[in-house]
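Asks: Using the sequences provided together with the hints, build the complete structure.
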Amino acid sequence: MTAHYHLCMRIELRNLAGRRLGQIDVDPLTRPVRVALPRAAHPGESTDVFLRWDEAIDDAGALRRCVICGCDELYVRKSTPQVTPFIILLAFIGALVAALGFANHPAAIAALILLLVVDIATLIVARRRLHCYRCHATFTGAIIARYMRPWDRAVVERMKQARPEELEPFPAVLADALPMQLPTKEASA
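Using my numbering, the letters of the sequence shown correspond one by one to residues 19 to 207.
If you are wondering where the hints come from, they were derived from the structure by calculation, not from laboratory data. Using N, Cα and C, we set each Cβ at its ideal position, and we do this for glycine too. A couple of the hints might just be wrong.
As the list claims (entries may be wrong) - Now the in silico label distances, taken between C-beta atoms and shown as ranges:
hint	residue 1	residue 2	range
1	134	73	39 to 49 Å
2	117	52	53 to 63 Å
3	176	113	39 to 49 Å
Replies: Right, here's the structure in full:
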């Protein structure tokens with residue numbers, strides 16, 4: 019008897035301004051086409067999200083396209099815990115204490131070692147996530163291919179030039195009647 023482990027992929031939806039709309043958990047093996055958001059972002063809005071799995075998963079099972087908008091421009095980002103800025107501040111204070119010569123006391127040395135261990139643990143706990151350049155969706159728990167790269171300003175500029183300013187807000191783009199692909203230059207001319 020073999021046990022099958024199904025990875026649950028969490029998709030965090032955001033509007034074009036970056037405001038969080040909600041999150042959904044999907045199983046990439048079952049590839050659901052229609053998923054409901056837990057709650058509506060605004061009263062009267064549809065809570066159904068239609069996922070586009072066509073060509074979204076490569077042969078190795080890694081996500082290569084956004085299942086929300088169909089965009090093939092994704093980037094990888096490490097998500098550090100929210101305590102990271104506090105740890106950086108403590109590390110700076112610890113370095114200052116050591117530089118001023120106050121780290122000779124065993125308690126100060128123990129505190130600096132503890133800070134170092136917490137800092138390393140924070141880096142180990144940080145998970146890699148995929149983000150979509152177009153719709154700002156965040157994918158946690160997805161298999162990330164080696165060819166995925168970190169955020170690139172050139173891609174953002176290319177996306178801004180290809181997208182007309184009258185693009186509707188993110189929730190309206192999810193409706194079936196509206197186009198999901200970025201318009202080409204011929205279509206916008």
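Asks: So, for every hint listed, does it hold in this structure?
Replies: Verification of the supplied hints:
1. 134 with 73: 39 to 49 Å: Holds: the Cβ-Cβ distance is about 45 Å, inside 39 to 49 Å.
2. 117 with 52: 53 to 63 Å: Given range 53 to 63 Å: holds, Cβ gap about 59 Å.
3. 176 with 113: 39 to 49 Å: With a Cβ separation near 40 Å, residue 176 and residue 113 satisfy 39 to 49 Å, so the hint holds.
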